[in-house]
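K.L.:
Residue numbers (the working numbering), protein chains in the order written: chain F, 24 to 356; chain V, 37 to 385; chain L, 12 to 311.
If you are wondering where the hints come from, they were derived from the structure by calculation, not from laboratory data. Do not take every clue at face value.
[Stated by the list, open to error] Some chain L residues well away from chain V (every beta-carbon gap over 10 Å; in silico):
#	residue
1	L49
2	L55
3	I79
4	P85
5	W113
6	L157
7	S219
8	N224
9	L229
10	L242
11	Y249
12	L265
[Stated by the list, open to error] Pairwise CB distance ranges, derived in the manner of DEER restraints:
#	chain 1	residue 1	chain 2	residue 2	range
13	L	L140	F	S286	53 to 59 Å
14	V	L133	L	V59	35 to 41 Å
15	L	L116	V	P116	49 to 55 Å
16	L	V59	V	I100	30 to 36 Å
17	V	V232	L	N74	38 to 44 Å
18	L	L140	V	K381	25 to 31 Å
19	L	V50	F	D151	54 to 60 Å
20	V	V232	L	L52	37 to 43 Å
21	F	V49	L	R146	52 to 58 Å
22	L	L116	V	A96	22 to 28 Å
[As the list claims (entries may be wrong)] Chain V residues, not near chain F, derived (Cβ > 10 Å throughout):
#	residue
23	R74
24	R78
25	H134
26	R135
27	G154
28	L174
29	G196
30	D244
31	W246
32	Q281
33	I292
34	N305
35	A367
36	T371
37	A374
38	A379
Note that the structure is a prediction, hence the values are computed from the model and not measured. Built from N, CA and C at the ideal position, the CB exists for glycine as well.
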Amino acid sequence: MNRTADVGALSIGGLEISLVQGGRPVPVVTGVNLSVNKKEVLGLVGESGSGKSLTSLAATRLLDPRVVRTTAGSVKLFGKELLTLPEAEMRRVRGKEIGIIFQDPMTSLDPAFTIGYQLSCGLRWHTDLTRAAARNRVLELLGLVGIGDPRRRVDQYPHQLSGGTRQRVMIAMAIACEPKVLIADEPTTALDATTQAQILELIASLATTMEMATVITTHDLGVVADVCDRVAVMYAGQIVECATTDELFYRPKHPYTERLLQSLPGVRAGRLQGIPGQPPRSGRFPQGCRFAPRCPYARPGCSADDPELTRLQTDHAARCLREAELELTGVGA
Amino acid sequence: MSGISGRGPVVALVGGATAGRGAKPANRFVQKAAPLLRMVARRVGIAVPLLVLVSFSVFAISSISTADPARAILGEGATPQSVAQLRHQLGLDQSFLHRYWDWLSGVAHGGLGNSWYGNIPVLTKISQGLPTTISLVLAAMILTAVVGIPLGLYAGMRRGGKVDTIANSLAAIGLAMPEFWVALVLILLLSVKLRVLPGTGALTLSGDPWQAARHLVIPVVAIALPQICALYRQTRASAAIVAQQDYVRTARAGGISEWSLLRTRVAKNALVAPVTLLGLQLGRMIGIAAVVESVYGLHGIGSIAVQAALTSDLPVVLGVVLVTAAVVMAANLLTDIATYYLAPKARNS
Amino acid sequence: MSAELPLRLHPGLGTDAEVLTSAGVGTWRSFARQRLGLVALIVLVFIVAATLLAPLLPLADPNAQVLIDRLQGPTWHHWLGTDELGRDELARLLAATRISLWAALQATVVGVALGVPIGLTTGLLGGRLDGVVSRLFDAVQSMPALMLAIASVAVFGRQLTPAMVAVGVAFSPTFYRVSRAAASTVSRETYVEASRSMGQRTTRIVFSHIIGNVASTLIVQISTTFAFGILAEAALSYLGLGVQPPAASLGSMLTSAAILLNTSPQLTLLPGLVIILLALCVSQVSNAVEYLTSDEVGVR
Chain F
24 MNRTADVGAL
34 SIGGLEISLV
44 QGGRPVPVVT
54 GVNLSVNKKE
64 VLGLVGESGS
74 GKSLTSLAAT
84 RLLDPRVVRT
94 TAGSVKLFGK
104 ELLTLPEAEM
114 RRVRGKEIGI
124 IFQDPMTSLD
134 PAFTIGYQLS
144 CGLRWHTDLT
154 RAAARNRVLE
164 LLGLVGIGDP
174 RRRVDQYPHQ
184 LSGGTRQRVM
194 IAMAIACEPK
204 VLIADEPTTA
214 LDATTQAQIL
224 ELIASLATTM
234 EMATVITTHD
244 LGVVADVCDR
254 VAVMYAGQIV
264 ECATTDELFY
274 RPKHPYTERL
284 LQSLPGVRAG
294 RLQGIPGQPP
304 RSGRFPQGCR
314 FAPRCPYARP
324 GCSADDPELT
334 RLQTDHAARC
344 LREAELELTG
354 VGA
Chain V
37 MSGISGRGPV
47 VALVGGATAG
57 RGAKPANRFV
67 QKAAPLLRMV
77 ARRVGIAVPL
87 LVLVSFSVFA
97 ISSISTADPA
107 RAILGEGATP
117 QSVAQLRHQL
127 GLDQSFLHRY
137 WDWLSGVAHG
147 GLGNSWYGNI
157 PVLTKISQGL
167 PTTISLVLAA
177 MILTAVVGIP
187 LGLYAGMRRG
197 GKVDTIANSL
207 AAIGLAMPEF
217 WVALVLILLL
227 SVKLRVLPGT
237 GALTLSGDPW
247 QAARHLVIPV
257 VAIALPQICA
267 LYRQTRASAA
277 IVAQQDYVRT
287 ARAGGISEWS
297 LLRTRVAKNA
307 LVAPVTLLGL
317 QLGRMIGIAA
327 VVESVYGLHG
337 IGSIAVQAAL
347 TSDLPVVLGV
357 VLVTAAVVMA
367 ANLLTDIATY
377 YLAPKARNS
Chain L
12 MSAELPLRLH
22 PGLGTDAEVL
32 TSAGVGTWRS
42 FARQRLGLVA
52 LIVLVFIVAA
62 TLLAPLLPLA
72 DPNAQVLIDR
82 LQGPTWHHWL
92 GTDELGRDEL
102 ARLLAATRIS
112 LWAALQATVV
122 GVALGVPIGL
132 TTGLLGGRLD
142 GVVSRLFDAV
152 QSMPALMLAI
162 ASVAVFGRQL
172 TPAMVAVGVA
182 FSPTFYRVSR
192 AAASTVSRET
202 YVEASRSMGQ
212 RTTRIVFSHI
222 IGNVASTLIV
232 QISTTFAFGI
242 LAEAALSYLG
252 LGVQPPAASL
262 GSMLTSAAIL
272 LNTSPQLTLL
282 PGLVIILLAL
292 CVSQVSNAVE
302 YLTSDEVGVR
C-alpha cells in the first residue's frame with residue numbers, strides 16, 4: 024500500500040524464531056527489527072549460530088516447521104505481511120518477488136538437470152513465457168551474470184562448471200524473474216578469494232541496476248566493507264548494532280563490533296585478535312546482556328539488565344548499557 | 037499493417053532456428069549416445085562369458101554329485117542293466133567335459149538340449165511356460181513400481197507424517213511375509229470365503245482376457261507384496277536423502293510447488309537406487325514366481341523348473357536357470373541405461 | 012535399508028543451522044526404534060530357547076499320531092489343537108521352527124563364509140584378480156536364490172541342506188561386495204600405504220580397521236540374509252524340495268495344511284504367522300543395530 028521509501032522494500036519487525044524441541048519452542052532469534060530499501064545493500068553480520076541465516080531465510084518461509092518456527096513478529100514486503108500469507112500465495116512471492124542466493128553453489132544446484140532447465144523452471148513457473156522464449160531469456164540471464172559462451176553452458180550440468188560459474192548460475196536463477204528483494208545467504212563463503220570479489224561486485228551492481236533491496240548475510244566483515252550500504256551485526260540471536268557501513272567501521276558503538284573489527288586481518292598490524300570465549304549455545308542465552316560473559320568492558324550490572332537496541336543517531340543503533348561511557352576503537356582510528 | 041510487416045522476419049527467424057536445430061540434434065544425439073552404446077556393448081560382452089560360466093558350473097557340480105539321475109528317473113526298483121542303458125542313452129557315461137561340449141555346441145545351434153523325459157527339447161518346454169511367467173512377473177513388476185515408488189517418494193519427502201508412519205509399519209510386516217503363504221491366505225479370503233476371484237487353476241492366456249486377468253490377480257499380488265515393501269523402503273530412503281539436499285531448497289526458493297518438486301526434481305534424483313533395486317527384483321520375482329505358480333497351479337517356467345527338479349531332469353532345470361540369468365542380466369543392463377539418464381554426473385565414469 | 016536421517020533445520024542451512032541441529036530432534040523416535048528392536052530381540056531369544064528346550068517341555072511328541080484326536084481346536088491337552096493326523100500343533104510348530112532356524116543359519120553361514128574372506132582379499136589386493144572375482148560374483152548375483160536352490164535339488168536330490176547352501180551361495184555376492192568395499196577403502200588409507208612402503212607386516216592393523224569399518228553393515232546384512240533364509244526354507248519345503256517327512260519345517264507344515272484350507276484354515280495361518288513373527292523380529296533387530304551404529308548428526 025504505502026510504497027514510500029521509509030516503509031522499506033523488506034521490513035522485519037520484532038521477529039522471534041524458535042527451535043522446536045520436544046514440542047516446546049525455544050527462542051533462538053529474538054526481537055529482530057530490520058528494514059531494507061530499494062537499491063540498498065544491507066549486510067547481516069555474525070558468527071555461526073548468531074541467527075543471521077535464520078533471520079534472512081525466515082523472510083522466505085523456507086524453514087522446516089517441524090524443526091524451526093517463526094514464533095512472533097512480522098515480515099513485510101512493501102507493506103504486505105508475508106508470515107501469515109497462505110502457502111500458495113507465498114509460492115508466488117518466492118522466486119518472483121524475493122530472489123535467494125544460497126551459500127554453497129556446489130550443492131545448491133541440482134546435479135540431475137541442465138542449468139538451462141533449472142533456470143527456465145522458475146521462469147516458466149512464474150511467467151507465461153513459452154519454452155523457446157524462456158530459453159532466450161535464460162541465455163540473456165547467463166550473459167547478464169557474466170558467463171561466457173551461454174549457448175554452450177546452457178545445456179551443461181552443474182558438475183561441468185567451476186565453483187564461480189555455478190555461483191553465477193545461482194545468481195542468474197535468483198534474479199530470473201526480476202525480484203524486488205534479493206537475499207544472499209553467505210554467497211561467497213564457499214569460493215576462493217579472487218572469485219569472492221567478482222561475485223560480490225556482481226551482486227552489488229545487479230542490486231543497483233535492477234533496483235533491488237538486497238540482504239547479504241556473512242561472517243566476514245570484509246565482504247560488508249566492499250559492497251554494503253548498511254550493516255546489522257547479530258550476536259546470540261539479537262541485533263547488537265546497526266549502522267551505515269562507514270559509521271560502523273569508523274565509530275563502532277558495541278564492544279562486540281569492536282572485537283570483530285579488531286579481528287579483521289590487517290587492522291592491527293601483524294596481530295590478529297580473536298574473541299576469547301565461545302558464543303552461547305542457541306536458546307541458552309545468559310541473563311542480561313548476552314555478550315557480557317565475553318565482553319572486556321563488562322561490569323556487574325551488565326549481567327543484570329537486558330539492554331535495549333537504542334537509536335543513537337538517525338542511522339546508528341546499538342545494544343549496550345555502557346554505550347555512552349565507552350570509547351571504542353574503529354578501523355583506521 | 038504493422039502486424040503483416042512484422043510477421044515476415046519473425047517467421048524467417050523461427051524457420052532458421054528450427055532448421056539449425058534440426059541439423060544439430062542428430063549430431064548431438066550420436067555424440068551423446070556414444071558412451072551409452074559403449075556401455076551396452078561392454079555389458080553384453082561380459083554377459084556372454086558369464087552365462088557360459090554359469091552353465092559350466094552347473095555341469096561341473098552335477099558331475100561331482102553322488103546322486104545318479106538315471107536311477108532317480110527309473111526309480112528304486114530298476115535293474116542295474118536298465119540303469120546302465122539309460123546312462124548310456126543320456127550320455128551320462130561320458131566325461132562331463134565331453135557332455136558339456138556337446139551341450140555347448142547344441143546352444144551354438146540354438147537349442148538348450150533335450151529333457152531326460154520324453155526327449156522333448158528344453159526350449160519347447162520353456163517356451164510353453166514363458167507366457168504365464170512373463171505375464172505374472174511383468175504385472176507384478178508394474179504393480180510394484182506403481183505402488184512402491186510414488187508411495188516411497190511421498191513418504192520420504194514427508195518423513196514422520198501419517199502416510200510415512202503407517203506405510204513403514206506395513207512395509208516391515210509385508211517384507212516378513214512368505215509370498216506363497218500370502219497366496220494361500222488370499223485364496224482363503226477372496227476365493228473360498230468371498231468367492232470374488234477364482235481359486236487355483238490353470239491359466240489359459242488365449243481364452244477370455246477378463247478371466248485370464250482375474251486368474252492373475254492373486255498370484256500377482258502375492259508376488260508383488262514383499263517387493264512393493266522393499267521398493268517402498270528403498271525409494272523412501274533415497275527420497276529422504278534427496279529432500280535434505282540443498283538443491284531441493286533452491287528449487288523451493290524459486291517458488292515451485294511441492295507437487296511439482298516431487299514429480300520432477302526429487303523423482304529424478306531419488307530414482308537411481310530404486311530403479312537398480314527394481315532390476316534386481318525381476319530376478320527375485322522369477323524365483324518367487326516358481327513357488328507361487330506351484331501354489332496356484334499355473335504352468336510357468338518356475339513350476340516347470342520345480343517339476344524338473346523333483347524328477348532330477350537336469351537339462352530342463354539348467355535351461356530355466358540360464359534363461360533366468362539372461363533375463364536378469366538384460367534387466368541389469370536396462371537398469372544401467374536408466375541410471376545413465378537419471379544421473380548425468382555418473383556418465384563419465 | 013538405510014538409517015533414519017536426522018531432521019535438519021533445513022537442507023544445508025549453512026553454518027548457523029549445524030549448531031542448532033545438535034539439539035537432538037526426534038529423540039523419542041530413536042528411543043521407540045531401539046525399544047522395538049529390544050522387544051524383537053527378547054522375542055527371538057524366547058523363541059530360540061523354546062525350540063531348543065522343546066524336548067524337555069511337557070509336550071506331546073511332535074510326530075506322535077493320535078488319529079482319534081485329529082483336527083481338534085485348542086484344548087487343555089493341545090494348546091493350539093491338533094493337525095490332520097492328530098499330532099500336537101504346538102509341539103510340531105516348535106520342532107518345525109527349530110528346523111527352519113537351523114536352515115536359515117546354514118544359508119547365512121555359507122553366504123558369510125564365501126563372501127567375506129574373498130571380498131576382504133580382493134579388496135586389499137585389488138588389480139586384475141579383483142576384476143575377475145568381482146565378475147564371478149556378478150554372475151552368481153544374476154541367479155535368483157530360489158532358482159539356484161531348485162537347481163541344487165535337481166543335482167543333489169530332495170535335501171534341505173544343499174538347497175540352503177545354494178541359497179547361501181546366491182546371497183554371497185552381497186557379503187562379497189560389502190567386505191570388498193570396506194577392505195579397498197582401508198587399503199587406500201595413508202597409514203596402510205606408509206607402513207606397506209616401510210615393509211612392515213600390516214595384516215593385523217589392517218584387519219582390525221576393516222572389521223571396524225564393516226561390522227555394522229555386516230550385522231545388518233547377516234540379519235537380512237537370515238530373515239530371507241527363513242522365507243526361502245519355507246518356500247522350498249512347501250514345494251517338497253526341502254525337508255522330508257516325518258520331519259517338519261514351517262514350510263512343509265503348510266503343504267499338508269493347504270489341502271485343508273477350506274475346513275481348517277488355522278493350520279495354514281499358524282505356521283505362516285510364526286514365519287512372519289520370526290522374519291519381522293530379525294529385521295527389527297537389524298534396524299535397531301543399523302540405527303544405533305549410524306553416525307549421522309543428531310541421530311543419537
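K.L.:
Checking each numbered hint in turn, tell me which of them this model violates, lowest number first.
P.N.:
6, 10, 11, 12, 14, 15, 29, 32, 33, 34 and 38
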